[in-house]
Amino acid sequence: GNSVTQMEGPVTLSEEAFLTINCTYTATGYPSLFWYVQYPGEGLQLLLKATKADDKGSNKGFEATYRKETTSFHLEKGSVQVSDSAVYFCALSYNSGNTPLVFGKGTRLSVIA
Amino acid sequence: DGGITQSPKYLFRKEGQNVTLSCEQNLNHDAMYWYRQDPGQGLRLIYYSQIVNDFQKGDIAEGYSVSREKKESFPLTVTSAQKNPTAFYLCASSIALRNLDGYTFGSGTRLTVV
Chain F
6 GNSVTQMEGP
16 VTLSEEAFLT
26 INCTYTATGY
36 PSLFWYVQYP
46 GEGLQLLLKA
56 TKADDKGSNK
66 GFEATYRKET
76 TSFHLEKGSV
86 QVSDSAVYFC
96 ALSYNSGNTP
106 LVFGKGTRLS
116 VIA
Chain W
12 DGGITQSPKY
22 LFRKEGQNVT
32 LSCEQNLNHD
42 AMYWYRQDPG
52 QGLRLIYYSQ
62 IVNDFQKGDI
72 AEGYSVSREK
82 KESFPLTVTS
92 AQKNPTAFYL
102 CASSIALRNL
112 DGYTFGSGTR
122 LTVV
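Protein chains in written order, with this note's numbering: chain F, 6 to 118; chain W, 12 to 125.
Source of the hints: derived by calculation from the structure; they are not laboratory data. There could be a bad hint or two in this list.
Said to hold, decoys possible - Only pairs whose alpha carbons sit at most 30 Å apart, straight line, appear in this in silico BS3-like list of lysine-lysine: (1) W:Lys20 with F:Lys65; (2) W:Lys94 with W:Lys68; (3) F:Lys73 with F:Lys57; (4) W:Lys20 with F:Lys110; (5) W:Lys68 with W:Lys25; (6) W:Lys94 with W:Lys25; (7) W:Lys20 with W:Lys94; (8) W:Lys82 with W:Lys68; (9) W:Lys68 with F:Lys110; (10) W:Lys94 with F:Lys65; (11) F:Lys61 with F:Lys73; (12) F:Lys61 with F:Lys82.
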């Protein structure tokens, strides 16, 4: 079946450090891929998405590239801020059948000043 | 502004009681979902609905029930059969079950059994 695997957290970085959160997926065909962010005590917000191979999603300084050859969608940011502290979820939407979004388990990021 | 509203934000339940969590959306979305979130477990799907008067069980439906009588509303009842109901509950909606825009989430209800 379809699945998403994220690197386990928590990830702790100093302000202005480079961020990578790894995400790999298992799916037949060509799913759409998403990153969501959850700030403390809130619901999830869509951060970025990519719908086909080699697409790059970007938003708020975050980027992720849909790599079909490595079945990956790693999240990156060149310089993190304290306000980026949150839980990040990778997700995939299978483009056929009737299956809801599949989420990874989430990676908690803490950025310290 | 369109959005999805969950209420209440915090809810306390005595053991053996049923409790209903509200979820309302004004986005004109056909599909709605309920997830449970526990520390270290990520999101687990409880129930989802593609259209009014239709819903399907997710991965952890036991001890929960839902209804979808109106497009805008998808309430979740946590029954006394749910053995460990303390958790953070998230409702979401989307244009359709399969779509390229992802889901819109509510801000969640934290349920605590006392």
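30 Å Cα cutoff - pair Lys20 (chain W), Lys110 (chain F):
23 Å, holds
Mind checking the alpha carbons of Lys61 (chain F) and Lys73 (chain F) for me, to see if they're no more than 30 Å apart?
The given pair, whose Cα atoms are some 12 Å apart, holds under the 30 Å limit.
Between the alpha carbons of Lys61 (chain F) and Lys82 (chain F), is the straight-line distance 30 Å or under?
Judged against 30 Å, a Cα distance of about 13 Å means the pair holds.
Measure nothing beyond the straight line between the CA atoms of Lys82 (chain W) and Lys68 (chain W); if it is 30 Å or shorter, mark the hint as holding.
18 Å, holds
Taking only the CA atoms, is the gap from Lys94 (chain W) to Lys65 (chain F) under or equal to 30 Å?
41 Å, violated
Check the hint pairing Lys68 (chain W) with Lys110 (chain F) against an upper bound of 30 Å on the C-alpha distance.
Judged against 30 Å, a Cα distance of about 20 Å means the pair holds.
Distance restraint between Lys68 (chain W) and Lys25 (chain W), which requires alpha-carbon spacing of 30 Å or less:
The hint holds at about 25 Å.
Pairwise hint evaluation, Lys65 (chain F) against Lys20 (chain W), where the allowed Cα distance is 30 Å at most
Holds - the C-alpha atoms of Lys65 (chain F) and Lys20 (chain W) are around 28 Å apart, at most 30 Å.
Holds or violated: Lys20 (chain W) with Lys94 (chain W), Cα cutoff 30 Å?
21 Å, holds
Compare the distance between the alpha carbons of Lys94 (chain W) and Lys25 (chain W) with 30 Å, and conclude whether the hinted pair is satisfied.
12 Å, holds
Given the hint that Lys94 (chain W) pairs with Lys68 (chain W), test it: the Cα-Cα distance must not exceed 30 Å.
18 Å, holds
Satisfaction of hint between Lys57 (chain F) and Lys73 (chain F), Cα-Cα up to 30 Å:
9 Å, holds
Hint compliance for this structure: hint 10 is the single one not met.
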